[in-house]
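Visitor: For this one, chain A is given, so just place chain B on it according to the hints.
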Amino acid sequence: MRIGVLIKQVPATDKVKIDEKTGTMLRTETEGVINPLDLYAVEEALRTKERFFPNAEITVLSMGPMMAIEAVKEAISMGCDKGYLLSDIKLAGADTLATAYALSSAIRKLGGFNLIFCGERATDGETGQVGPSVAAQLNLPIITYVSKIEKIEDGKLIAHRAIEGGHEIVESPLPAVLSVVKEINEPRLPTLSGKKRARRLEIPVLKADDIEVDESKIGLNGSPTRVVKIFYPKIAREGEIIYADDPEKAVERLLDFLRKRDII
Amino acid sequence: MKEKSVWTLGEYRDGKIHTVSYELLAWGRSLADKLNGKLTCVILGKNLKDQIKELIYRGADHVILVDDPRLEHFEVDPFVKILGSLVREYEPEIFIASATTIGRTVMPVLAATLSTGLTADCTGLDIEEETGLLLQTRPAIGGNVMATIKTPDHKPQMATVRPKSKRPLPRDESRKGKLTERSFPDSYFASRVRRISFIPDESAEIPIQDADIVISGGKGLKDGKNFSLLFKLAELLNGAVGASRTAVDNGWIPYSHQVGLSGKTVSPRLYMALGISGAVQHLAGMSSSETIVAINTDPEANIFKVADFGIVGDLFDIVPLLIEKLEKERGERS
Numbered sequence: 001m002r003i004g005v006l007i008k009q010v011p012a013t014d015k016v017k018i019d020e021k022t023g024t025m026l027r028t029e030t031e032g033v034i035n036p037l038d039l040y041a042v043e044e045a046l047r048t049k050e051r052f053f054p055n056a057e058i059t060v061l062s063m064g065p066m067m068a069i070e071a072v073k074e075a076i077s078m079g080c081d082k083g084y085l086l087s088d089i090k091l092a093g094a095d096t097l098a099t100a101y102a103l104s105s106a107i108r109k110l111g112g113f114n115l116i117f118c119g120e121r122a123t124d125g126e127t128g129q130v131g132p133s134v135a136a137q138l139n140l141p142i143i144t145y146v147s148k149i150e151k152i153e154d155g156k157l158i159a160h161r162a163i164e165g166g167h168e169i170v171e172s173p174l175p176a177v178l179s180v181v182k183e184i185n186e187p188r189l190p191t192l193s194g195k196k197r198a199r200r201l202e203i204p205v206l207k208a209d210d211i212e213v214d215e216s217k218i219g220l221n222g223s224p225t226r227v228v229k230i231f232y233p234k235i236a237r238e239g240e241i242i243y244a245d246d247p248e249k250a251v252e253r254l255l256d257f258l259r260k261r262d263i264i
Numbered sequence: 001m002k003e004k005s006v007w008t009l010g011e012y013r014d015g016k017i018h019t020v021s022y023e024l025l026a027w028g029r030s031l032a033d034k035l036n037g038k039l040t041c042v043i044l045g046k047n048l049k050d051q052i053k054e055l056i057y058r059g060a061d062h063v064i065l066v067d068d069p070r071l072e073h074f075e076v077d078p079f080v081k082i083l084g085s086l087v088r089e090y091e092p093e094i095f096i097a098s099a100t101t102i103g104r105t106v107m108p109v110l111a112a113t114l115s116t117g118l119t120a121d122c123t124g125l126d127i128e129e130e131t132g133l134l135l136q137t138r139p140a141i142g143g144n145v146m147a148t149i150k151t152p153d154h155k156p157q158m159a160t161v162r163p164k165s166k167r168p169l170p171r172d173e174s175r176k177g178k179l180t181e182r183s184f185p186d187s188y189f190a191s192r193v194r195r196i197s198f199i200p201d202e203s204a205e206i207p208i209q210d211a212d213i214v215i216s217g218g219k220g221l222k223d224g225k226n227f228s229l230l231f232k233l234a235e236l237l238n239g240a241v242g243a244s245r246t247a248v249d250n251g252w253i254p255y256s257h258q259v260g261l262s263g264k265t266v267s268p269r270l271y272m273a274l275g276i277s278g279a280v281q282h283l284a285g286m287s288s289s290e291t292i293v294a295i296n297t298d299p300e301a302n303i304f305k306v307a308d309f310g311i312v313g314d315l316f317d318i319v320p321l322l323i324e325k326l327e328k329e330r331g332e333r334s
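As you go down the protein sequences, you meet chains A and B in turn.
Residue numbering for the first sequence follows the working numbering, starting at 1 and increasing by one per position.
Residue numbering for the second sequence follows the working numbering, starting at 1 and increasing by one per position.
It should be emphasised that the hints constitute simulated quantities derived from the structure, not laboratory data.
Accuracy of the hints is not assured; some may be wrong.
[What the hints assert, rightly or not] Interface residues of chain A toward chain B, partial, derived using beta-carbon atoms under 10 Å: (1) Lys49; (2) Phe53; (3) Ala100; (4) Gly111.
[As the list claims (entries may be wrong)] Each computed SDA-like pair below joins lysine to any residue, with the alpha-carbon atoms no more than 25 Å apart: (5) Lys260/A / Asn47/B; (6) Lys225/B / Lys155/B; (7) Lys219/B / Asp246/A.
[Stated by the list, open to error] DEER-style ranges, computed between Cβ atoms: (8) Glu235/B / Glu153/A: 39 to 45 Å; (9) Arg253/A / Ser228/B: 23 to 29 Å; (10) Asp33/B / Arg108/A: 51 to 57 Å; (11) Leu174/A / Pro320/B: 51 to 57 Å; (12) Asp210/A / Lys176/B: 55 to 61 Å; (13) Thr131/B / Arg200/A: 25 to 31 Å; (14) Phe231/B / Glu248/A: 35 to 41 Å; (15) Lys16/B / Glu240/A: 51 to 57 Å; (16) Ser187/B / Glu57/A: 31 to 37 Å; (17) Lys16/B / Lys196/A: 53 to 59 Å.
Please read all numbers here as calculations on a predicted model, not as lab measurements.
Each residue gets a CB set at the ideal place from its N, CA and C atoms; glycine is no exception.
If we strip away everything but chain A, and leave its shape as in the complex, we get (with noise of 0.2 Å):
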């Protein structure tokens, strides 16, 4: 059994950089953190190996540059067993489509996953497109928003999904992908051997060449997308703001307001 997780990094602050021309991120400038919501993924992963297949191999995958190897290491600390960072010049600028083509193909090379975990999307590019086109791209059934794994048997994968309105009870051949959201662990904290495991535990860089790809579907030039524009947006409004020194007025003028504004 073989359990693939795919994380990312995202800048540990708000403060992001934009490159101006190409509309790109300056990754390169700030700290970086492992995706939160990747870590429901990395437990998760964990959590199915533990309950189902003891014998299980975790590897997480990661594309970024190569600080990101951090973000791979803290997984492994984690307990994952072994990771691999993806990273090439030629990869830069990729949007998810090029991204999900690049991952896809390195999956490919290193052998492929019965089971692959992803979070719901990550906190810097919000898309939660790559994971659902890496399944596609590898001919997998996807399963999106998965709340709560109740079952692997027999090949089958018995899954919830949190959507609108309730939960969706779904069932998927393996092997498959699966993007799950927050409510569907509590992630564990790197364990003090899992940290020395990861500082010593060798992180074997993919680059564009070793993953077989198409260099017409890569990076910037592979990508059908471009950032035209980035600004900032105008988000302050010239709202009127009073104090409560009589709770009463203050609530008769809020009610005023909210009848001018035709809401109540």
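Guide: The following block gives chain B in isolation, referenced to the frame of chain A:
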């Protein structure tokens, strides 16, 4: 030259056309008009033929309907196969879907299948005058910046659109449109991920993303039990209750209520932030609300910067009074 067409994916849930379908048609209508083109809604479902005219009344020129008992519930494989086949046949310029769990699942798979670009969760769509290309604007990096994205050389230009980012057009019963019914061979309906059952949420609460009014509470509530105030106010206003991350992390209210970067994004008609300071991560999830009202004891709180109306004061003085006055008003009216 072939007439340009803009496609929207109609959404069918629980036997009904969902209102996000009409929001998309409002977006699609303005795009199609700018392109002097036609607006087509593609919808897949079961027994919905008699509802199709609603899509026309709300702006569609053309509806492509695939009506089949096997499409009662969304399953990704049949959707991708059917939509992929229709896109290859009709070659629309633009194809948009709502950024619901359906749209966000089917569109990335479809875009990969068609090797085209897809922009997630747009809050603005427009047509570039010189090129006729779709300009797709979305919040990026936690809502700190907005990005406008184009798909210059691939068709269709695909995007998902954040629900509630536009109001449906008024219903116009005089509108006329064409209906094309299509059926597909059995092989199109094979699905690897199959729905077994559905467990509806027990609470009768409106999900926060769907609510017209959201009353949110944060650290200033001091205790989980004080959320009862918010539930009472929300009930009076027919709204839903939201929360800041602090409130959720403190265990005061379940995660499904969380608004912000790591929670839900909402853009209701009215967003009331009670005892919420307004961290960037929170603002990212609510700053596109039509009207924002904030109540906080700290006049320097960030939330006041985005508020249309703010009260510097103790929510425990103000909210009970507000409830009392609203109750009285309702009492007089009925």
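Visitor: Given the range 55 to 61 Å, decide if the beta-carbon distance of Asp210/A to Lys176/B lies inside it.
Guide: 58 Å Cβ-Cβ, so the 55 to 61 Å window holds.
Visitor: Is the distance from the Cβ of Lys16/B to the Cβ of Lys196/A consistent with 53 to 59 Å?
Guide: holds (57 Å)
Visitor: Would the pair Lys225/B and Lys155/B pass a check requiring their Cα atoms to be no farther apart than 25 Å?
Guide: violated (53 Å)
Visitor: If I claimed the Cβ atoms of Arg253/A and Ser228/B lie 23 to 29 Å apart, would that claim hold in this structure?
Guide: holds (25 Å)
Visitor: Holds or violated: is the Cβ of Phe53/A closer than 10 Å to a Cβ in chain B?
Guide: Phe53/A check fails; min Cβ-Cβ to chain B is 21 Å, beyond 10 Å.
Visitor: Mind checking the CB of Lys49/A against every CB in chain B and telling me if the closest is under 10 Å?
Guide: With a closest approach of 22 Å, the Lys49/A hint is violated.
Visitor: Given Gly111/A was flagged as interface, is its beta-carbon under 10 Å from a beta-carbon of chain B?
Guide: violated (21 Å)
Visitor: Sort out whether Asp246/A lies within 25 Å of Lys219/B, counting only the CA atoms.
Guide: holds (23 Å)
Visitor: Between Asp33/B and Arg108/A, does the C-beta distance stay in 51 to 57 Å?
Guide: Given range 51 to 57 Å: violated, Cβ gap about 45 Å.
Visitor: Take a look at whether the Cβ-Cβ distance between Phe231/B and Glu248/A falls inside 35 to 41 Å.
Guide: Given range 35 to 41 Å: violated, Cβ gap about 23 Å.
Visitor: Okay, Thr131/B versus Arg200/A on CB: inside 25 to 31 Å?
Guide: Given range 25 to 31 Å: violated, Cβ gap about 54 Å.
Visitor: Are the Cα atoms of Lys260/A and Asn47/B separated by 25 Å or less?
Guide: violated (43 Å)
The structure fails to meet hints 1, 2, 4, 5, 6, 10, 13, 14, 15 from the earlier list, while all remaining hints are met.
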